[in-house]
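Q: Whole structure, please, built from the sequences with the hints as guidance.
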Amino acid sequence: MKRLLLKGGRVLDPASSMDGVYDIFVMGGRVASIKPSSEARGENPQVGEGWDIIDCAGKLVIHGLVDAHTHLREPGEEYKETIKTGTQAASAGGVTTVMCMANTKPANDNESMTRYIVKKAAEEGLVNVFPVGAITCGLKGEALTEFASLKDAGCVAVSDDGRPVTSGTLMRRALEYSRLFGLVVISHAEDAVLAADGVMNEGAVSTRLGLKGIPDAAEEAMVARDISLAELTGARLHIAHVSTAGAVALIKAAKKRGAGVTAEVTPHHLALTDEVVSGFDTDFKMNPPLRAKKDVEALREGLNDGTIDSIATDHAPHSSIEKDVEFDHASFGVVGLETSLGVVLGLVSQGVLTLRKAVEAMTINPARIFGLDTGTLMVGSAADMAIVDLERKWIVDPARFRSKGRNTPFKGMELRGKVVKTIVNGNVVYDGEI
Amino acid sequence: MKLKKKDLLGIEGLEKEEIELILSTAASFKEVSTREIKKVPTLRGKTVINLFYEPSTRTRTSFEIAAKRMSADAINISVASSSVKKGETLRDTALNLEAMNPDCVVIRHSSSGAPHMIARHLKSSVINAGDGAHEHPSQALLDMFTVKERLGGLSGVRLLIVGDIAHSRVARSNILGFTKMGASVTVCGPPTMMPEGISAMGCSVSHDMEALLKDADVIMMLRVQLERQKEALFPSVREYSRLYGLDAGKLRKARKDALILHPGPINRGVEISPEVADGPWSLILEQVTNGVAVRMALFYLLIGGVKE
Amino acid sequence: MDNKGIERALARIAHEIIERNRGTENLVLLGIPTRGHHLARRLQKKIEEIERGVNVPTGAVDATLYRDDLGMKETRPLKEMEIPIDIDGKVVVMVDDVLFTGRTIRAAMNALMDFGRPLAIQLAVLVDRGHRELPIKADYVGKNIPTSLKEDVRVHVEEIDPASEVVVVPLGA
Numbered sequence: 001m002k003r004l005l006l007k008g009g010r011v012l013d014p015a016s017s018m019d020g021v022y023d024i025f026v027m028g029g030r031v032a033s034i035k036p037s038s039e040a041r042g043e044n045p046q047v048g049e050g051w052d053i054i055d056c057a058g059k060l061v062i063h064g065l066v067d068a069h070t071h072l073r074e075p076g077e078e079y080k081e082t083i084k085t086g087t088q089a090a091s092a093g094g095v096t097t098v099m100c101m102a103n104t105k106p107a108n109d110n111e112s113m114t115r116y117i118v119k120k121a122a123e124e125g126l127v128n129v130f131p132v133g134a135i136t137c138g139l140k141g142e143a144l145t146e147f148a149s150l151k152d153a154g155c156v157a158v159s160d161d162g163r164p165v166t167s168g169t170l171m172r173r174a175l176e177y178s179r180l181f182g183l184v185v186i187s188h189a190e191d192a193v194l195a196a197d198g199v200m201n202e203g204a205v206s207t208r209l210g211l212k213g214i215p216d217a218a219e220e221a222m223v224a225r226d227i228s229l230a231e232l233t234g235a236r237l238h239i240a241h242v243s244t245a246g247a248v249a250l251i252k253a254a255k256k257r258g259a260g261v262t263a264e265v266t267p268h269h270l271a272l273t274d275e276v277v278s279g280f281d282t283d284f285k286m287n288p289p290l291r292a293k294k295d296v297e298a299l300r301e302g303l304n305d306g307t308i309d310s311i312a313t314d315h316a317p318h319s320s321i322e323k324d325v326e327f328d329h330a331s332f333g334v335v336g337l338e339t340s341l342g343v344v345l346g347l348v349s350q351g352v353l354t355l356r357k358a359v360e361a362m363t364i365n366p367a368r369i370f371g372l373d374t375g376t377l378m379v380g381s382a383a384d385m386a387i388v389d390l391e392r393k394w395i396v397d398p399a400r401f402r403s404k405g406r407n408t409p410f411k412g413m414e415l416r417g418k419v420v421k422t423i424v425n426g427n428v429v430y431d432g433e434i
Numbered sequence: 001m002k003l004k005k006k007d008l009l010g011i012e013g014l015e016k017e018e019i020e021l022i023l024s025t026a027a028s029f030k031e032v033s034t035r036e037i038k039k040v041p042t043l044r045g046k047t048v049i050n051l052f053y054e055p056s057t058r059t060r061t062s063f064e065i066a067a068k069r070m071s072a073d074a075i076n077i078s079v080a081s082s083s084v085k086k087g088e089t090l091r092d093t094a095l096n097l098e099a100m101n102p103d104c105v106v107i108r109h110s111s112s113g114a115p116h117m118i119a120r121h122l123k124s125s126v127i128n129a130g131d132g133a134h135e136h137p138s139q140a141l142l143d144m145f146t147v148k149e150r151l152g153g154l155s156g157v158r159l160l161i162v163g164d165i166a167h168s169r170v171a172r173s174n175i176l177g178f179t180k181m182g183a184s185v186t187v188c189g190p191p192t193m194m195p196e197g198i199s200a201m202g203c204s205v206s207h208d209m210e211a212l213l214k215d216a217d218v219i220m221m222l223r224v225q226l227e228r229q230k231e232a233l234f235p236s237v238r239e240y241s242r243l244y245g246l247d248a249g250k251l252r253k254a255r256k257d258a259l260i261l262h263p264g265p266i267n268r269g270v271e272i273s274p275e276v277a278d279g280p281w282s283l284i285l286e287q288v289t290n291g292v293a294v295r296m297a298l299f300y301l302l303i304g305g306v307k308e
Numbered sequence: 001m002d003n004k005g006i007e008r009a010l011a012r013i014a015h016e017i018i019e020r021n022r023g024t025e026n027l028v029l030l031g032i033p034t035r036g037h038h039l040a041r042r043l044q045k046k047i048e049e050i051e052r053g054v055n056v057p058t059g060a061v062d063a064t065l066y067r068d069d070l071g072m073k074e075t076r077p078l079k080e081m082e083i084p085i086d087i088d089g090k091v092v093v094m095v096d097d098v099l100f101t102g103r104t105i106r107a108a109m110n111a112l113m114d115f116g117r118p119l120a121i122q123l124a125v126l127v128d129r130g131h132r133e134l135p136i137k138a139d140y141v142g143k144n145i146p147t148s149l150k151e152d153v154r155v156h157v158e159e160i161d162p163a164s165e166v167v168v169v170p171l172g173a
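Residue numbers (the numbering used here), protein chains in the order written: chain A, 1 to 434; chain B, 1 to 308; chain C, 1 to 173.
To be clear, the hints were calculated from the coordinates, so they are not data collected in a lab. Take these hints with a grain of salt, some might be off.
Stated by the list, open to error - Distance condition first, Cα-Cα at most 25 Å in a straight line; then the derived DMTMM-like pairs of lysine to aspartate or glutamate:
#1 B/Lys68 <-> C/Glu74
#2 B/Lys30 <-> C/Glu80
#3 B/Lys16 <-> A/Glu275
#4 B/Lys4 <-> B/Glu15
#5 C/Lys73 <-> B/Glu15
#6 B/Lys2 <-> B/Glu17
#7 B/Lys4 <-> C/Glu80
#8 B/Lys38 <-> C/Glu80
As the list claims (entries may be wrong) - Derived list of chain B stretches under chain C, where covered just means 3 residues or more per stretch with a C-beta under 8 Å from a C-beta of chain C:
#9 37-49
#10 296-304
What the hints assert, rightly or not - For the chain C half of the interface with chain B, some residues (derived, Cβ under 7 Å), not all of them:
#11 Leu65
#12 Met72
#13 Met81
#14 Asp114
In this text, a Cβ means the ideal position worked out from N, Cα and C, and glycines have one as well.
A: Take a look at the structure:
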């Protein structure tokens, strides 16, 4: 049996309110025990032959990140990303669990597709992969998929992410039906008619650049509709990639009323405003778009006051075919798996949020939202961990990404805080320099 | 003094001194077009490619004449927008053109930023001849030239731009250009045609055209795309024209010596009435004449000297 | 050469122009900007003083657009082009400050030809410093100053410079 000791790191586990210097003993891929590090010195009888020891002194040890919003592109667009490269990227970013969205080609809208993804992930994936099934067949917004079969095959939520469910009635039925299985419905909240052919946030920057804008209202109108429907049906609704101050306010009010609503935000919406969209660089084109300063402030506040539950990357790799074109014609989306922790730790060092809050929003909270048995280092749980050097500075160089996608808005930026090792089920899947 | 960049992508990237240089150089070139022999050998052996992804008569012809009067070889390529989506990418088109060693590529494109994209890929100079709703720098330069020639300068000039500001690259370039030169700019149009945050570009915003006329030294009318009616930006041509068209009645409220500009092509009876367009106050054709001089100046300043 | 020297040379050239052309009929003076243009105006004044009552049309011909070295240097600023009358059948006296390689004069003559067909083109220069690279010779010379290629001849005129003078300086000074 494989045995591993993570020795003397600062262990921070919000789920168990643990924060201190501990030794973590891993046996059989699970956390066997956690002891104050002083006990483990030298003579500790448990550690002898057959133990691998990682010296974590001066490092932060957390549960691996749980990223509930990624696009792994397989099957169908393997030139952009595969389950293999996507999970390699995840491992390099300290992410040990990803949920992958259904907008593959063809879409993950049936049992056999889900089984294919689960099988492929088991064979080639470096981290845990949980598929999200489509709400409607082919993401066409016309007919519901078979939620029961999808769940049986391994889907942990349903979403047409990438496009909204335009019909209010269909969304209502999806929410109603989801209750049978306790499946969370993830809403890509966008009024497509209001967003029209917008390509960036509507505001002074889009006006100056002569680019068509996407108004806040395009998101907020849909967030409002879906909250109403969640309250009408009593179902569990999760709002993906919240980007506007208005949407934060709507979610806050809904939570106050007791609606079954949760919400996530991406690192790029927390860190950047539309002011960075200069020079028509399509690596800054994503949907929802980078918004104004007031929105970034509201998102940060929402994360701190619990309105927003989790941080997810919306990792959306594209190739130069989609990105090295006119801004109008470029695909929406940016990669995020390899930069999410660094970007969020940057916000921590700026005092935007506490380290505990950041870890919570990237581990236990998304796990709880989707009912995943992960997100905490409590004894007996799977040994999925990230060892982080909080002080290490590094420059984001897309050429060194494990992801096939190079489309990051953080390129060239200096980040502070880097994953040095990632462990999944007790195995080191990313082995950087300590 | 020379231009600092190899490309002219927008007024945004120009300094005041560079605009002054272009305008004074254009003044020299205006004389060439009045000669019997309207040609100078300056750009002999240079190649200019006019790459137009949008239909245009005036601008393309103006660039072509400007190039030819400088003895450059001008080649026109018109690409129907419909074939763009099926055909090769803009990047590939640009690289293929580059392989033929042109000195300057003049590009018009319906997507904002398209000239910036090809400028990143090309060693030759790129001139933006209009990109989406972003910029149309040579138009703004010829507008500034026309006003400067008439009024002696641009500092303190009060410019009123009327029409569909949201979709107008001419408006954006002129706001940037005139304000850089010390003029004040007011934009006017219905709220449906007024983009969010336009005042951040340095202009003031109003919706009441009649009230603004008396304070304008220069009135610039923008072409109204009639197909915008389908997008509900205005209910009818009749109502648009009543509120924002410049006719003799409204003109009586303006200063007697106000100059009237229009980038063309004009919709007679929509944004400008025939008697105003043809009247003594109108500089519309003068703008066209000056356009050639300004574009000659741009070619001279961008590709007339040693290649960096 | 100081202002007095320059004035004396110009006075002599004025006389020579009148003498050679048997008067001033048909005469047009075109200076090559910038300083040649000022010298042309001075010559005009002197000729009109000598021949009372005559009016000699005077202007400027900018050779920049016709130069053969445009592609070898940074873009040159354009200067004034002022052709005061139709030059067909006229005797055009081009005026420049320094005659050196002859390339500017070649360019200026090409420019002139685009404006018409003069009866004759003559050349007046304040200084001929030698080192011709083209078969061009001045008809009127203020002063021949032998120079080396390591030197530069500069003409200053008080219209735009602190004082009128001709100086020989090391190249690049």
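Q: Run every hint past the structure and note whether it holds.
A: Tested hints:
no.: 1; hint: B/Lys68 <-> C/Glu74; verdict: 22 Å, holds
no.: 2; hint: B/Lys30 <-> C/Glu80; verdict: 12 Å, holds
no.: 3; hint: B/Lys16 <-> A/Glu275; verdict: 24 Å, holds
no.: 4; hint: B/Lys4 <-> B/Glu15; verdict: 9 Å, holds
no.: 5; hint: C/Lys73 <-> B/Glu15; verdict: 22 Å, holds
no.: 6; hint: B/Lys2 <-> B/Glu17; verdict: 9 Å, holds
no.: 7; hint: B/Lys4 <-> C/Glu80; verdict: 24 Å, holds
no.: 8; hint: B/Lys38 <-> C/Glu80; verdict: 17 Å, holds
no.: 9; hint: 37-49; verdict: holds (count 5)
no.: 10; hint: 296-304; verdict: holds (count 3)
no.: 11; hint: Leu65; verdict: 4 Å, holds
no.: 12; hint: Met72; verdict: 6 Å, holds
no.: 13; hint: Met81; verdict: 6 Å, holds
no.: 14; hint: Asp114; verdict: 5 Å, holds
Going through the hint list in order, the structure satisfies each hint without exception.
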